[in-house]
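Trainee: Sequence:
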Amino acid sequence: NPGQTVSGNCAALLYGLPLRRDPVRPQLTTAPVAQRAAGNPSITQGHRTAGLVRAATLRPAELGTWFGAPVTSPARTLVDLARHSRQDGLIAADAALYEGLVSSADIDRALARACGWPGVRRARQVLALASGLAESPLESLTRLAIHDSGLPMPELQRWVEAFGQWYRVDMIWPEQRLIVEADGRLKYTGESEEGDPLWQEKVREEYLGRVGYTVVRVL
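The numbering used here applies: residue 1 is where the sequence shown begins, and numbers increase by one.
None of these hints come from the bench; they were simulated from the model. Check the hints yourself; a few may be wrong.
As the list claims (entries may be wrong) - Per label pair, the in silico range of CB-to-CB distance:
| no. | residue 1 | residue 2 | range |
| --- | --- | --- | --- |
| 1 | 68 | 212 | 53 to 61 Å |
| 2 | 57 | 104 | 17 to 25 Å |
| 3 | 112 | 32 | 42 to 50 Å |
| 4 | 150 | 112 | 51 to 59 Å |
| 5 | 63 | 168 | 18 to 26 Å |
Claimed, not checked - Result set (SDA-like, lysine to any residue): computed pairs, CA atoms no more than 20 Å apart in a straight line:
| no. | residue 1 | residue 2 |
| --- | --- | --- |
| 6 | 202 | 147 |
| 7 | 202 | 157 |
| 8 | 202 | 216 |
Even for Gly, the Cβ is constructed at its ideal location relative to N, Cα and C.
Using the sequences plus the hints, can you model the full thing?
Mentor: So, in structure tokens, the structure goes:
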């Protein structure tokens, strides 16, 4: 509709960003001025939500298009996601950084523009954890759980040598000789040129264990 912009979960979906679940209905943002001009009393003023339409100010820097449809910019979309869901915010932010849709500076600017908005403190905390090194939603959620547990954050996507072979691990605490691998089903489907992926992972874990690492798998 005129004056409405695709936002939130739906904007993330248009950008191809992963979420815990796909939205089932449209999510839109309308400018408060446009809302008043339309005389629609069913949509709440400000940043609160009524139904699937949020009334909020969108600056030019926070707007983009998707095949001609107005959509919030990637950075604004991430801030909105993180204000309402820490999990979706981090999953999407990691993917956006990995794909090069945004930079850390883009996210910082979007957060600065959101000063004083509901949930922005939550968004700052979760987006500070975002990393373009994460390669799956499970890795993102695992890091968030590690953070929430008060544990030190691991190094990501490090190469580790064992018996002349180099292995890239998802997360590692080098001093503690602890490795965490976030394993999704896709990692173990089909066969690679090297053979059965389950067998390859077993050999990999055996070698890492022999050189003193403990490997913990998150499924």
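Trainee: Hints numbered earlier in the text: which of these fail when held up against the supplied structure?
Mentor: Violated hints (numbers, rising): 3, 4, 5, 6; every other hint is consistent with the structure.
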